[in-house]
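Asker: What follows is each chain in one-letter form.
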Amino acid sequence: MSAVSDPEILANSAPTARSRLADLSLSQLVIWGLILFLCLSPFALIIAVSFGEKIEGASWEWGFSLVNYQRVFVGANWPEEVTFLYLQNLYYSLYYAVFAAVIAVLLAFPFTYLMTGLSRRAQSAWLVFILSSLSLSEVFIVMGWDVLLSNRSGLPMVFKETGLTAWLKEVGWFDTLREWGLANPRNVKFKTSVFATVLTMSYLVWPYAVILLYPPLSRMDRSMIEAAQTMGAGPWTVMRTVILPSVRLPLFGATLLLFVFLLGVYVAVSVFAEPAKQTMAVSVYSAVRGATLNAPFGAAQAVILLITASVFLVLGQWMSRRASA
Amino acid sequence: MILRTLSNLFLALSAVMLALPILVVCGAALNSGRSMFFPPKEPTLARFKEFFFTETVWVTALGNSVIVAFCSAALAVLVAWPLAYGLWKQGGKAAQVLAGLGSMPFALPPIVFGVGLGFLWSFIGTLGTLWIGIISHAALFMALPLVTISIGLQSIDRSHLDAAATMGATGSVVFRTVILPQTMPYTVSGFFFALVLSFNEFIVMFFVSASSYSTVTLQIFNSLRNGYTPTMAVAAITFIVISVAVFSAVARWGDLPRLMGAEPAKS
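Protein chains in written order, with the numbering used here: chain W, 1 to 325; chain H, 326 to 592.
Because the hints were derived from the structure by calculation, they are not lab data.
For clarity, every value in this text was computed on a predicted model and none was experimentally measured.
Every residue, glycine too, gets a C-beta built ideally from N, C-alpha and C.
Incorrect hints may appear among the rest.
[As the list claims (entries may be wrong)] Computed spacing ranges between beta-carbons, pair by pair:
#1 Ser25(W) - Gly450(H): 39 to 45 angstroms
#2 Pro79(W) - Gly552(H): 52 to 58 angstroms
#3 Gly232(W) - Val566(H): 46 to 52 angstroms
#4 Ser537(H) - Leu26(W): 33 to 39 angstroms
#5 Asn184(W) - Val341(H): 25 to 31 angstroms
#6 Asn151(W) - Ala570(H): 34 to 40 angstroms
#7 Glu81(W) - Ala570(H): 39 to 45 angstroms
#8 Thr369(H) - Leu293(W): 27 to 33 angstroms
#9 Tyr95(W) - Ser537(H): 32 to 38 angstroms
#10 Gln479(H) - Glu161(W): 51 to 57 angstroms
Generate the whole structure from the sequences, applying the supplied hints.
Answerer: In structure tokens:
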């Protein structure tokens, strides 16, 4: 692009070269136009629509009002009445995402470390398994956990049949489970609960965590570990003083990326979370296409979700740049 | 020795945990009734016949899934190629920004991108057509071939390029005889990654299809309120088999550990 904008070069070059440069600039323009249109304009439109206004009984119109944002932050009837209903949704988005991301990374880290110690062939086989699970649609994963956690079959049945429920009642832990909302008077129940939501969400991103931790762990210099071992360091000392310091930043970066990914989870939350503990992704959905049909309000919430996600992505970028510097 | 056993135990436990919901879904597909039970009641294979042949809803949805996945993956590769090539050949800020923009839809929450695309296509007036679904998925998954092709281009031996240039090969000849063949496995891998993910995606598809057609995962998503049925479990099995087949093929003919970011294999 810079070559074309320089008139001297254009004037001096041979006609064929000139036409080729013009071709190049044209193709570059096309690709820029295409990318801006496909990848940037949808986000720009959301921001534009979020300032619009809903017309009662119809759709909505363009405008410049902050009423949608006001509704997200302090409720529709502000200042007479203040509700934090939608901020609470955002809070639960962050809450589920943080726990699920941290659990997934904590379990994926030892796994990936052990996996990268295997032969190249075995690694390939594991990667096929993990990638297949990773690409599996959220609807199927939720389907599996739904069967496993539902009251009529799956784990609650196993608890009852094996006498685990009776045993829990005997030692008195059953009452604790009831306090946590994980049991009804007769048996344990996992739907709907924070436990089921976080479990499914961390299952959802566990393969991603492995894939993200795979490059740093497989490139790690194993001779350092061997050196430490020959000098008499035990496995825990090796872990603490050699392995962990060298992968501290990738671990944090992976957690951050999974966290951003989990902000957008819809199906797992709408199936497993309690009605009062839904997330912002769910309320975006119901505002745009669901029961309430208020596109500008949905767009405003989407913008807030977008800003939240971008902040964490930029933070992650900045940290990884500092790590490589 | 104890540590070794513990390690293997942990690996095995992870595999069991990872496979557990998948196995349960596979078992539930054998139910003869309308509800999902595990273990299945009165096992039958009738649900498979329904999904692939007799129930029009599912047959049409499967057809749409296949069309969208193949076309959008091809389109994603076609758009990602010049981006990756520009990044590798010229580098510089502009190419980086362009590649960053191209990966943005994949990095941000899909529900946000889906809502945005819904607005975009409804303004243009093309909401709800199948080719809009294809373009939307291509934009969403462009990041995957972009990454794999970039890895491929970086792995080209510079001495091959120098040799070709010394022997008088023009730019297009070098491209055809050196660059293209050496990056082919990576391009194909990128295509398959985009294909499999497009196959399984439903949120963006939900917003751009505007209920005028549906893919398999979208069909399941739309009937979520009524609960899961064993026919949906058949869909799940089909999708798992496709994923395993595709990634096994990538592992067989490409270097999967290298694609995932391991050091090049020492041969």
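Asker: Please go over all the hints and tell whether each is borne out by the structure.
Answerer: How the hints compare with the structure:
A hinted range of 39 to 45 angstroms for the beta carbons of Ser25(W) and Gly450(H) is inconsistent with their spacing of about 31 angstroms. The hinted range of 52 to 58 angstroms is not satisfied by Pro79(W) and Gly552(H), whose Cβ atoms lie roughly 43 angstroms apart. Range check, Gly232(W) to Val566(H): Cβ separation about 50 angstroms, and the 46 to 52 angstroms hint holds. The beta-carbon spacing between Ser537(H) and Leu26(W), approximately 35 angstroms, falls within the hinted interval of 33 to 39 angstroms.
For Asn184(W) and Val341(H), the hinted distance range of 25 to 31 angstroms is satisfied, since their beta carbons lie about 28 angstroms from each other. Judged by the Cβ atoms, the range 34 to 40 angstroms given for Asn151(W) and Ala570(H) holds: they are separated by roughly 36 angstroms. About 57 angstroms separates the C-beta atoms of Glu81(W) and Ala570(H), a value inconsistent with the hinted range of 39 to 45 angstroms. Thr369(H) and Leu293(W) have their C-beta atoms about 42 angstroms apart, which leaves the hinted 27 to 33 angstroms range violated.
Take Tyr95(W) and Ser537(H): their Cβ atoms lie about 36 angstroms apart, and the range 32 to 38 angstroms holds. Checked against the hint of 51 to 57 angstroms, the pair Gln479(H) and Glu161(W) passes, with Cβ atoms roughly 56 angstroms apart.
Violated hints, listed in ascending order, are 1, 2, 7, 8; each of the other numbered hints is respected by the structure.
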